[in-house]
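S.K.: The lines below spell out each chain.
6 protein chains.
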Amino acid sequence: MYLQLSTWQEVDAYLEQSKAVLIPIGSTEQHGPNGFVGTDALCPEIMARGVEEATGCLVAPTLSIGMAQHHLGFSGSITLRPTTLIAVVCDVVNSLAKHGFERFYFLNGHGGNVATVTAAFSELYAEASLGKADPDRPALRCRLKNWWENEAVQRISRQRFGAAEGGHATCSEVSLTFYGYPQHQKNAAMSPEIAPTGPIYDSSDFRKRYPDGRMGSNPSLASAEVGKELFDGAVPALAADFRAFADAP
Amino acid sequence: MYLQLSTWQEVDAYLEQSKAVLIPIGSTEQHGPNGFVGTDALCPEIMARGVEEATGCLVAPTLSIGMAQHHLGFSGSITLRPTTLIAVVCDVVNSLAKHGFERFYFLNGHGGNVATVTAAFSELYAEASLGKADPDRPALRCRLKNWWENEAVQRISRQRFGAAEGGHATCSEVSLTFYGYPQHQKNAAMSPEIAPTGPIYDSSDFRKRYPDGRMGSNPSLASAEVGKELFDGAVPALAADFRAFADAP
Amino acid sequence: MYLQLSTWQEVDAYLEQSKAVLIPIGSTEQHGPNGFVGTDALCPEIMARGVEEATGCLVAPTLSIGMAQHHLGFSGSITLRPTTLIAVVCDVVNSLAKHGFERFYFLNGHGGNVATVTAAFSELYAEASLGKADPDRPALRCRLKNWWENEAVQRISRQRFGAAEGGHATCSEVSLTFYGYPQHQKNAAMSPEIAPTGPIYDSSDFRKRYPDGRMGSNPSLASAEVGKELFDGAVPALAADFRAFADAP
Amino acid sequence: MYLQLSTWQEVDAYLEQSKAVLIPIGSTEQHGPNGFVGTDALCPEIMARGVEEATGCLVAPTLSIGMAQHHLGFSGSITLRPTTLIAVVCDVVNSLAKHGFERFYFLNGHGGNVATVTAAFSELYAEASLGKADPDRPALRCRLKNWWENEAVQRISRQRFGAAEGGHATCSEVSLTFYGYPQHQKNAAMSPEIAPTGPIYDSSDFRKRYPDGRMGSNPSLASAEVGKELFDGAVPALAADFRAFADAP
Amino acid sequence: MYLQLSTWQEVDAYLEQSKAVLIPIGSTEQHGPNGFVGTDALCPEIMARGVEEATGCLVAPTLSIGMAQHHLGFSGSITLRPTTLIAVVCDVVNSLAKHGFERFYFLNGHGGNVATVTAAFSELYAEASLGKADPDRPALRCRLKNWWENEAVQRISRQRFGAAEGGHATCSEVSLTFYGYPQHQKNAAMSPEIAPTGPIYDSSDFRKRYPDGRMGSNPSLASAEVGKELFDGAVPALAADFRAFADAP
Amino acid sequence: MYLQLSTWQEVDAYLEQSKAVLIPIGSTEQHGPNGFVGTDALCPEIMARGVEEATGCLVAPTLSIGMAQHHLGFSGSITLRPTTLIAVVCDVVNSLAKHGFERFYFLNGHGGNVATVTAAFSELYAEASLGKADPDRPALRCRLKNWWENEAVQRISRQRFGAAEGGHATCSEVSLTFYGYPQHQKNAAMSPEIAPTGPIYDSSDFRKRYPDGRMGSNPSLASAEVGKELFDGAVPALAADFRAFADAP
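Protein chains in written order, with my numbering: chain A, 4 to 252; chain B, 4 to 252; chain C, 4 to 252; chain D, 4 to 252; chain E, 4 to 252; chain F, 4 to 252.
It is possible that part of the hints are untrue.
As the list claims (entries may be wrong) - Some chain F residues judged to face chain E by a derived CB distance under 7 Å, without partners named: (1) 10; (2) 40; (3) 67; (4) 79; (5) 186; (6) 187; (7) 188; (8) 190; (9) 193; (10) 194; (11) 196; (12) 200.
Said to hold, decoys possible - Label pairs and their in silico Cβ distance ranges: (13) E:170 / F:197: 53 to 59 Å; (14) A:194 / F:197: 53 to 59 Å; (15) E:235 / D:170: 30 to 36 Å; (16) A:157 / B:207: 47 to 53 Å; (17) F:243 / D:138: 48 to 54 Å; (18) D:103 / F:135: 23 to 29 Å; (19) F:185 / D:170: 35 to 41 Å; (20) D:154 / E:192: 37 to 43 Å; (21) D:142 / C:207: 39 to 45 Å; (22) E:192 / D:239: 55 to 61 Å; (23) A:212 / E:135: 41 to 47 Å.
Rather than coming from a laboratory, the hints here were simulated on the basis of the structure. Glycine included, every Cβ here is placed at the ideal spot set by N, Cα and C.
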């Protein structure tokens with residue numbers, strides 16, 4: 004069930020059986036020579052479709068823009084400052100909590116979001132802990148889950164790409180988007196084959212360290228076929244994780 | 004050209020011919036008994052596809068969540084507080100300006116966004132006017148355009164729906180989403196046929212005044228056919244408006 | 004009744020008969036070669052005197068500084084950033100609501116305030132809609148009314164100034180301040196007679212487009228006589244509008 | 004010279020001879036049984052007229068609303084939160100600095116503003132000290148001056164009112180407003196004659212400690228005559244202080 | 004009793020006998036040629052030890068970083084912007100108020116904190132006054148006390164240092180830290196013997212006026228012996244002041 | 004070298020040989036029946052002493068209050084909201100960067116700080132990436148290092164405490180503070196011996212899940228002896244990590 008394609012009466016009916024909602028969250032940022040700028044938003048959106056089919060959960064619209072300050076040296080990258088993203092997450096959760104939602108499952112596609120979204124959860128909880136939230140409101144629970152954090156994705160990635168998987172513009176994420184948007188697949192030579200690795204500071208430092216935007220990966224190995232494998236492997240794990248979160252006492 | 008499906012090198016190439024970008028912006032809020040919660044985000048997204056086809060412009064990911072505090076009495080509605088939405092718009096524009104974009108065309112689907120997004124433009128300009136922006140950056144220009152503000156939409160709406168068009172959950176916007184998502188069309192009886200009209204204050208006042216969420220409309224008249232008419236009529240006007248903004252000296 | 008010249012006991016007595024307050028809001032910004040920097044604050048203040056005489060309403064002190072970032076290229080102009088003005092409006096309304104005021108009528112003198120003040124109202128309402136306001140507080144209602152939005156002003160302006168009325172440093176607003184402050188009238192030659200028109204972006208762009216600060220007007224036609232006409236014409240309309248807002252069920 | 008009644012060209016001319024501006028700042032808050040709610044804004048505004056006549060300085064519009072949270076238990080009182088007032092002061096100064104003003108003399112009428120306005124100055128200076136201000140901008144200097152801080156006012160107050168002067172709703176400030184607005188003078192019996200004294204915390208505590216709003220004063224002794232004395236005594240001192248600040252190397 | 008070295012059960016037990024807590028607050032900023040960067044944090048921390056011994060009060064961890072923007076021209080100086088420090092003070096007090104603390108005694112070591120911390124108290128109180136705090140929470144009371152504001156310190160300083168005491172990097176504060184950290188005493192020639200005096204604006208202006216960081220002082224006169232005198236003299240006064248605040252009805 | 008006990012001239016001298024500074028950061032929050040409220044601040048402070056001795060690095064004052072909203076159900080716990088802590092970290096780093104520091108090593112004692120401090124680093128970098136930082140400033144590098152993240156601590160903890168180590172109020176951290184403050188060691192019976200484990204949401208949920216404040220640990224096993232082992236084991240690893248960060252090209 005997709006929030007964007009439902010009426011408010013249908014949401015009311017959903018709330019009678021579940022207080023949990025799935026919110027895909029990603030980023031809009033460069034993903035190297037053959038990855039889409041939208042990779043990190045498209046991946047959790049694709050996975051969310053599988054989870055929705057498996058569980059019937061309500062899927063909110065994707066939060067497509069995340070914390071990507073380090074990518075601003077490459078055209079097309081967009082960032083929210085961490086404090087902006089915290090405000091967005093708080094407003095979204097507080098809005099849905101008004102209707103009776105209590106459990107907020109953020110299916111994440113971008114490592115760079117983890118710290119900020121986790122901080123946003125604390126900002127939210129702190130409203131209650133400091134006595135600023137409606138005292139009659141049930142306690143809220145939020146969870147951030149990266150789509151690649153499950154045995155299936157780890158295994159397939161290792162088998163298919165090994166050391167070429169990398170850390171940004173990974174073979175797996177590019178594969179998943181090629182599976183989702185096969186008509187938009189790109190070809191690009193990679194030089195060097197495997198990109199360098201290292202730390203992340205600001206965007207001009209990032210561009211110097213990683214001239215074509217990749218970190219540690221060779222996404223020319225990506226394919227829609229492996230993307231399908233990843234999808235088929237990950238969805239049951241993510242669906243189970245969602246259910247466990249939604250149903251926990 | 005869609006930002007989410009492009010590489011950063013493709014965005015670089017685009018920038019050599021244009022400094023303008025189209026950003027659909029909407030809202031996630033109740034739209035009465037047969038309108039989608041996502042109506043106001045889906046409408047500019049649908050129109051953006053037409054404009055993209057007509058002009059080849061770069062389309063950023065849709066900002067799906069807007070200022071909808073007055074709808075929070077109905078399940079599924081999500082709002083950003085105005086100050087949050089201002090921060091989001093500023094961050095998005097400042098990010099894209101880093102790459103050389105200078106003209107930002109927000110194609111809007113939600114009347115409730117107009118004031119806040121316009122205020123956000125002033126917040127952005129004020130950075131330059133108060134000497135807080137990089138003095139070497141070219142002056143930025145932003146434009147908010149409602150998809151229904153053109154002769155074609157006004158005419159078709161008048162012809163097809165007359166006084167039943169209304170002000171929220173309008174026949175036109177519901178029609179356009181039925182055209183975009185025909186398999187998700189809803190049927191719902193409307194009682195009274197035409198919803199009441201009046202002012203907007205907070206969400207509990209709104210729910211009292213407009214018990215099923217509509218304002219002044221009878222969207223049971225909506226249809227995918229009229230949605231197509233609206234699309235075919237509006238796209239040339241919106242494309243021309245975009246071009247005029249992008250090309251103005 | 005003027006808040007600044009009343010005691011708190013007199014305000015208490017007022018509250019027994021009315022929950023509505025009139026708040027003049029303007030701007031401090033250049034108004035071309037013969038207009039006062041304070042034009043946009045003085046105009047609603049002048050009109051407020053008429054409305055007070057007609058209705059006995061409580062008039063708060065004028066908020067003299069508004070959102071005027073685009074005028075910062077001209078000496079004397081002062082702006083609040085939109086986020087600052089939002090905070091001001093929220094604090095003013097929340098303070099007065101503490102005493103039992105429920106209806107807040109902002110009589111506005113500056114087009115550049117409209118978006119931001121409207122966004123501020125939504126920020127205020129959102130506190131209630133998101134459950135952050137005292138649940139025992141009655142619902143608040145705010146209204147922004149431009150002093151020139153009534154049939155009388157439109158008619159007189161058309162008759163007296165026609166196409167020379169313009170959009171900034173208008174003949175009407177300059178006339179009204181000349182009526183209010185006749186001893187301070189200025190003479191200045193206008194070249195060209197009628198100023199150019201166009202869009203508004205940041206302050207350096209504004210100064211380039213509108214070198215003497217006027218937009219589309221020839222305020223050398225302004226006079227205290229027409230100012231009196233405007234005052235006499237507008238006050239009954241504004242008083243009626245205030246009463247309707249104050250008394251609406 | 005009054006900013007509100009000047010043109011931008013006149014301000015330009017002023018800047019050729021002085022970089023200093025006088026900004027009256029006050030508060031809108033209860034002042035006991037016979038004091039105006041606007042006392043703290045009217046007093047510096049009245050004094051500013053004298054200083055303007057003596058020095059020809061440019062006088063900005065009065066910032067009528069200050070930090071008055073402790074008075075919110077009495078009808079008509081309005082507060083800006085300290086963080087809001089800091090934003091206002093920063094925006095006002097940064098705007099005027101854009102035009103070349105370098106020295107900002109805040110003539111203050113409200114003890115409750117002192118801490119917050121002083122903090123605002125530090126917030127402003129910190130922009131430069133932390134490297135966030137335009138490095139080409141001359142260093143700014145701000146000064147907060149309470150109108151009663153001079154030998155003349157202290158002497159007259161002591162002679163005329165002695166121990167009845169008090170700390171809030173003082174005989175002197177009420178006298179000064181009676182001098183400025185003689186037709187609005189109020190009579191009210193005071194019981195007890197001299198109000199209690201003590202500390203200041205939040206507004207409900209304040210109302211309990213000071214039931215009619217006065218602190219330590221018996222403003223039934225106030226008169227327009229003493230108001231004139233205070234004005235005549237203070238203006239030369241304040242004018243000298245302004246000149247010293249404006250002319251300091 | 005020191006919060007950092009207590010368990011939460013011990014804090015619970017303390018709350019049964021007292022609702023007051025002592026919070027040392029200082030600054031991290033240059034203190035001239037022989038003063039520690041931490042002088043303003045170490046002084047109230049040293050004095051707090053004496054007050055704790057005298058009263059058994061609970062001592063919170065020292066807030067070591069304050070508002071010191073004007074010192075940023077000298078290496079090692081750290082500032083919080085005033086708005087940041089306000090947020091810190093509000094969070095600290097709101098946290099402790101959750102547990103039942105009602106009286107917050109800030110023992111201060113830095114003149115530059117006074118305005119901002121006082122503004123922070125108003126920000127806190129304003130939450131209650133504007134109806135944003137939990138209505139069931141008892142009214143909070145905050146007090147800022149400078150360690151040098153008592154007869155003993157004034158007398159000893161006058162006797163020992165006279166006109167050489169100065170305003171920043173004073174003989175007294177340097178003495179007190181030498182008493183507290185005798186093994187870290189520094190020797191440094193002062194030239195001129197007594198530093199200049201004057202106003203405070205931003206950090207580059209400050210460095211120009213006060214080239215070695217001192218204001219009006221000759222701290223080469225400082226000694227651990229006088230530091231002990233100051234400690235012995237001030238502690239009884241501060242302890243009495245704390246008790247009076249804690250026990251006031 | 005300790006910033007608090009140095010003069011600004013000594014800091015200047017330090018900067019000639021190193022651009023790196025160590026900043027201990029912790030939290031003030033309950034640590035179960037026998038752990039100090041200050042455990043998470045004291046641990047990195049103790050470790051910092053060892054690193055200072057080994058490397059001669061400059062140690063800033065400990066940031067003693069962190070993000071601990073979930074502990075507010077237990078007396079003595081203090082939290083900064085995440086947005087406040089972000090502001091603090093940004094101000095501290097921006098202040099020190101003014102003097103020429105470029106590398107900021109936060110030695111952390113609290114798991115609950117990790118997300119927020121990491122987000123703060125991104126907020127800082129984003130200033131540069133979005134063009135809001137001084138373009139002449141060298142790129143900044145920040146690192147958050149938990150004191151327990153090294154082989155020695157992991158090994159000793161496993162050997163000494165095994166499954167009783169736990170996740171909050173761990174045997175290791177309590178041991179380290181007992182080593183640092185042996186005279187303040189507490190005895191307390193633990194019931195159950197090993198505390199429950201689970202997720203973290205807001206503070207009332209936390210108190211329900213973890214009634215005495217521990218998570219998964221049995222800190223009655225803690226001892227000053229093991230604390231010394233941990234200190235001796237960890238310091239060389241942390242010193243090496245600091246040097247590697249400081250010296251990286």
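S.K.: Against each hint, give a clear statement of whether it holds in the structure.
M.R.: Against the structure, the hints come out as follows:
1. With a cut of 7 Å, the hint placing residue 10 of chain F at the interface with chain E holds, because the nearest CB-to-CB distance is about 6 Å.
2. Residue-level restraint check for residue 40 of chain F holds (minimum Cβ-Cβ distance to chain E is 5 Å; threshold 7 Å).
3. At its closest, the beta carbon of residue 67 of chain F sits 4 Å from a beta carbon of chain E; the interface hint therefore holds under the 7 Å criterion.
4. The interface hint given for residue 79 of chain F is met, as the beta carbon of that residue sits about 4 Å from the closest beta carbon of chain E, less than 7 Å.
5. A cut of 7 Å between beta carbons decides the hint on residue 186 of chain F: the least distance to chain E is about 9 Å, and the hint is violated.
6. The restraint placing residue 187 of chain F at the interface with chain E holds, with a minimum CB-CB distance near 5 Å, inside the 7 Å limit.
7. Against a cut-off of 7 Å between C-beta atoms, the interface hint on residue 188 of chain F is violated, since the closest Cβ of chain E lies about 10 Å away.
8. The beta carbon of residue 190 of chain F comes no nearer than 11 Å to any beta carbon in chain E, farther than 7 Å, and the hint placing it at the interface is violated.
9. Hint on residue 193 of chain F is violated. Least Cβ distance to chain E is approximately 12 Å, over the 7 Å limit.
10. About 13 Å separates the beta-carbon of residue 194 of chain F from the nearest beta-carbon of chain E, more than 7 Å, and the hint is not met.
11. Proximity of residue 196 of chain F to chain E is violated relative to the hint, the smallest CB-CB distance being about 18 Å (cut-off 7 Å).
12. Taking 7 Å as the C-beta contact cut-off toward chain E, the hint placing residue 200 of chain F at the interface is violated, the least distance being around 20 Å.
13. Between residue 170 of chain E and residue 197 of chain F the beta carbon distance is about 58 Å. The supplied range of 53 to 59 Å therefore holds.
14. For the pair residue 194 of chain A and residue 197 of chain F, the supplied restraint of 53 to 59 Å holds, since their beta-carbon distance comes to about 54 Å.
15. Checked against the hint of 30 to 36 Å, the C-beta distance between residue 235 of chain E and residue 170 of chain D comes to roughly 35 Å, which is consistent with it.
16. Distance hint check: the CB atoms of residue 157 of chain A and residue 207 of chain B are about 48 Å apart, consistent with the given range 47 to 53 Å.
17. Look at residue 243 of chain F against residue 138 of chain D: about 39 Å separates their beta carbons, and that is not inside 48 to 54 Å.
18. Between residue 103 of chain D and residue 135 of chain F the C-beta distance comes to about 24 Å, which sits within the given range of 23 to 29 Å.
19. Evaluation of the 35 to 41 Å hint for residue 185 of chain F and residue 170 of chain D yields a failure: the beta carbon distance comes to about 52 Å.
20. For the pair residue 154 of chain D and residue 192 of chain E, the supplied restraint of 37 to 43 Å holds, since their beta-carbon distance comes to about 41 Å.
21. Here the CB-CB span from residue 142 of chain D to residue 207 of chain C is close to 23 Å, at odds with the stated 39 to 45 Å.
22. Checked against the hint of 55 to 61 Å, the C-beta distance between residue 192 of chain E and residue 239 of chain D comes to roughly 45 Å, which is inconsistent with it.
23. Restraint check, residue 212 of chain A to residue 135 of chain E: a C-beta distance of roughly 46 Å satisfies the suggested window 41 to 47 Å.
Of the hints listed earlier, those the structure fails to meet are numbers 5, 7, 8, 9, 10, 11, 12, 17, 19, 21 and 22, in rising order.
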